[in-house]
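A.B. asks: Each chain, written out:
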Amino acid sequence: MSTAVELRGVGKSFTSVRDRRTEDVFSDFSLTVEPGELVALVGASGTGKTTLLHMVAGLERPDTGHVSGVGPGGDHGRLGVVFQQPRLLDWLPVRANVEIALRSAGLDPGAADAALAQVGLSEYADKYPSVLSGGQRQRVAVARAFAVDPSVVLLDEPFSALDELTGRRLRLLLQDLWTRQRRVGLLVTHSPAEAVFLADRVLVLAGRPAKVVREYHVSLPRPRSPEDPALFDLHRRVVADLL
Amino acid sequence: MSVRTPAPAREAGERPPRGPAPRRRPGPRSRRWQGPAAAASFLLLLVGGWHVMALALDSVLVPGVDRIGAEVLRLLGDPRFYADLGVTFQRVALGFALAFVVAVCVGIAMGRSPLARRFFEPAVLIGLTVPGLVWALLCVIWFGVALINPVMAVALSSAPALTLSIYQGTRATDAHLLEMAHVYRFSFRDRLRHLWLPSLAPALFGGARLGLSLAWKVIVLVEIFGMSSGVGAAINGEFASQNVAGVLAWTVLFAFVMALLEYGLLQGLENRAGRWRKVSAV
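If you read the protein sequences in the order shown, they are chains A and B. Residue numbering for the first sequence follows the working numbering, starting at 1 and increasing by one per position. Residue numbering for the second sequence follows the working numbering, starting at 1001 and increasing by one per position.
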């Protein structure tokens, strides 16, 4: 796997609709995610974390600079994205939701059942998403993201809308899926605990334009336990940076 | 374009108003029949009132229910009735299909691109304000007795309402799902079939109801002015022979069949399209 996500000298500004003032969210921002690495971005609301992810996904274009990701029109490989909301097609059964992503990726739609089995939802394949719980719906979204055999996985606050226990189960599931095959991963999160638990590297973003104010390497081997005191220590330090 | 009255909001902590307690609440069985019974009683009143009026006026211009009923029965036994009805229905179906295809394309384009919206907006506004009668006349003048005449008249009169409805539905489509379809690179076909059409379904059905109701009106006019077959031509024939009961019988039957189609067919399709929603309501 030679794929990496690279942002070079990226600038992005927004013009506020109300007072027509232009604000630089990013200015000459650079970031490289190495193959096999999962990088977490943490920071207060409004620092531009999601904008960054959108640029990598090809949903937004940088004003200046260069983003090499996998967005449509991008060069290498496929993209799997887990958004904050499941973003399923409510009018299609769960299996069809995964199948359509597989078909769009040029893969065999028959792999949908295996993908659902990986997240423990085999028996719900024929159900409509509306009868699933919030956690189960997000599991479907995770299954869809990994089913397309992505070279890059983007996670946009994937578990922040879930309750604590459901979120923890899904984090463990994600760790499991990640360990099976490592890709290039970018995780945006509000939760320092989630960041240190899942990521190889945690970047703290702050300021306007946003800069990386602190970088932590998490060298603990996987599988990790959420109760690991070393993680908790790291978590405390990230929280201290954010406060 | 239905307006829903929002339920009156109740202040937090306010208790529901306590009227005199109903002595006996109607059981579920009788409640189920309340709606149909109310509708039936309206129709009974209408028919009865009409008959009383006919008796009181005692004029050939206002035939009684018995004479209209006799005409209805005569028509139902006449094979030409079914032929005329079929011809009219075919014209409406073709015109409406044309309007539907155009409206889906234009409506989605308007919802997606401000430039397209600006471009088509005048067309939709003009289309909405031109009376069906004018479309009917113009189409008769331009296309004569060819099939394209009624088809165009139906399409022109129903497309604007349908387009407007689809445009509004497009704006209500979840942008999050569009992003999702974008990152997973859905094909155009999948996007249309699995994203746009299902999200537009409520708008499509609302627009279809409105468009069809306009189509029924304009098709009869076109057939009166310029066609020798179809429901409108038949009504024109009854009118020419000064058979008021015949005109009324045609009107009643036509309205009945169209209502049946609208409620039977559209409602059925709508229920099918909304299956997934029902499941969630349980």
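Hints listed in this document are in silico derivations from the structure and should not be mistaken for laboratory results. Just so it is clear, the structure is predicted and the values come from calculations on it, not from any experiment. In this text, a Cβ means the ideal position worked out from N, Cα and C, and glycines have one as well. Check the hints yourself; a few may be wrong.
Unchecked claim - Examples of chain A residues lying across from chain B (beta carbon under 8 Å, computed): (1) 57; (2) 59; (3) 61; (4) 64; (5) 89; (6) 91; (7) 92; (8) 100; (9) 101; (10) 105; (11) 107; (12) 108; (13) 124; (14) 151; (15) 231; (16) 232.
A.B. asks: Each hint needs a verdict: does it hold in this structure or not?
C.D. replies: Each hint, compared with the structure:
For residue 57 of chain A, the shortest C-beta to C-beta distance to chain B is roughly 5 Å, which falls under 8 Å, so the interface hint holds. Satisfaction of the interface hint for residue 59 of chain A is found here, the shortest Cβ-Cβ separation to chain B being roughly 6 Å, below the 8 Å cut-off. Taking 8 Å as the C-beta cut-off, the interface hint given for residue 61 of chain A is violated, the closest approach to chain B being about 13 Å. Because the smallest distance between the Cβ of residue 64 of chain A and any Cβ of chain B comes to about 23 Å, over 8 Å, the interface hint for this residue is violated.
A distance limit of 8 Å between C-beta atoms decides the matter here; for residue 89 of chain A the minimum to chain B is near 6 Å, and the interface restraint holds. The criterion of a C-beta within 8 Å of any C-beta in chain B is met by residue 91 of chain A, whose closest approach is roughly 4 Å, and the hint holds. For residue 92 of chain A, the interface hint holds, since its Cβ comes within 8 Å of a Cβ in chain B; the closest pair sits about 6 Å apart. For residue 100 of chain A, the shortest C-beta to C-beta distance to chain B is roughly 6 Å, which falls under 8 Å, so the interface hint holds.
A distance limit of 8 Å between C-beta atoms decides the matter here; for residue 101 of chain A the minimum to chain B is near 5 Å, and the interface restraint holds. For the restraint placing residue 105 of chain A at the interface with chain B, the shortest Cβ-Cβ distance is roughly 7 Å, inside the 8 Å limit, so the hint holds. With a cut of 8 Å, the hint placing residue 107 of chain A at the interface with chain B is violated, because the nearest CB-to-CB distance is about 11 Å. The interface hint given for residue 108 of chain A is violated, since its Cβ lies 16 Å from the closest Cβ of chain B, which is over the 8 Å cut-off.
Taking 8 Å as the C-beta cut-off, the interface hint given for residue 124 of chain A is violated, the closest approach to chain B being about 13 Å. Violation of the interface hint for residue 151 of chain A is found here, the shortest Cβ-Cβ separation to chain B being roughly 13 Å, above the 8 Å cut-off. Given the 8 Å rule on beta carbons, the hint for residue 231 of chain A is violated: about 30 Å separates it from the nearest Cβ of chain B. Proximity of residue 232 of chain A to chain B is violated relative to the hint, the smallest CB-CB distance being about 34 Å (cut-off 8 Å).
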